[in-house]
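Visitor: Residue numbers (my numbering), protein chains in the order written: chain A, 136 to 292; chain B, 129 to 367.
Since the hints were made in silico from the structure, they are not lab data. Hints may be right or wrong, so weigh each one.
Each computed EDC-like pair below joins lysine to aspartate or glutamate, with the alpha-carbon atoms no more than 20 Å apart [stated by the list, open to error]:
(1) Lys289(A) with Glu318(B)
(2) Lys264(A) with Glu277(A)
(3) Lys347(B) with Asp252(A)
(4) Lys250(A) with Asp348(B)
(5) Lys342(B) with Glu172(A)
(6) Lys280(A) with Asp348(B)
(7) Lys361(B) with Asp248(A)
(8) Lys275(A) with Glu318(B)
(9) Lys347(B) with Asp227(A)
(10) Lys275(A) with Glu326(B)
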Amino acid sequence: MDTLSILLQTTCSLLSLKYRLRILRSHFNQIFFSPAESEQLTPDDLAWLNSLPKPFLEQFNQNNLSQIMTDLENNISKLQVLILYLPFEVNDRIVEQIGQKTRIIFSQLLLLDIKYDPSLIAGCALVWKGILRDYSLKAKIEQEKAQILESFKKYLR
Amino acid sequence: MTFEFVTIEVMSAYLLENPVVLIFTIFATVAVFLYLREYNLRKKFESADQKTLDEFRQKGLEAFHQSIKKSQNILGEAELEGVKVVADTRFATSKMEQDYEKNLQAIVAQSQQAITAAQNQFLEFIQSLQLKSRQFEDISLKKGEERINRMFGTLESNLSDFLVSSEQKTLSSIELELKAARNLIENYKEQQLKLIDENIIAMMEQTLNIVLAKKLSLKDQIDLVYEALERAKLEKFVV
């Protein structure tokens, strides 16, 4: 299993992946280049670091750190991302929850890019390979617009 | 005499004393002598010439008188001949005048006949011309009436066609205007209704947004997202 796959297994969103990559770089920089300084990490970050497999962590050293990080960044930029528009605001936990569920549903290590759009009302809209598919309540209303208006007009008469 | 002798003596003495004067005096004397001799000779010649001239004059006068006589004879004969010629001429002239008068009268008579005939012909021509003119006038009048009638007929027909086409054009124009106005009203109505529909939908969406934001729990929202993902899977959107 390659380095990026290990990271993707534990991270579902693009934002989190970039953040964790920065944490990883900071962690190894601290270990290899300034061991005297104490590291400032949140418990969640620390827990994530500890959850990573030992072989993965052992592959990093002073010489290849920069190269591996650059490769990772390049590979992440090439990944196909599923953009998910949600009508409500989400935290990391919910993002992770939705990400896991998405991976279960589509049976692949999908990386999500979650965006906020309150006009959708409910449900969500997806963008995959540049194509938008709207599954929101707003789209449903738009589809049923004629019937809704007809029912409204009954009352207007 | 004594005085003359004395003078001659004095002069002879003077001349002998002055040779030049003497020579001059001699020359003068000779010259006077020669002059006198020449004068006498001329006198003689002149008298001879005068005599000859008188003879010639006498002869000339005689010849002249004879000539005058002959001339008068000739003149008399000429006058006689002239009188004869004049008499003959008068006779010939009177005869010629008579002939001329006869001829002239004949010519005048012929001319009068010719003029009378020409006048008659001219009158006939005028009469035939008047007749033709009347006929032509009648024909022209008829033709003119026919043409005017035809023109009026064409005008009436054209006017009728024009009025009909104008009416049709006006009607079609009014119909087009009405159609355009109806379309405009219909478009406006449709736009307004569309706007109302959009407003209804927007109001409904806004209302739903406000209501569901309060009434729909986070779990329900996430369930709806899962439902959407399931649908996407069924539609094979993410492959």
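Visitor: Among all the numbered hints in the text so far, which are the ones the structure does not match?
Guide: 2, 5, 6, 8
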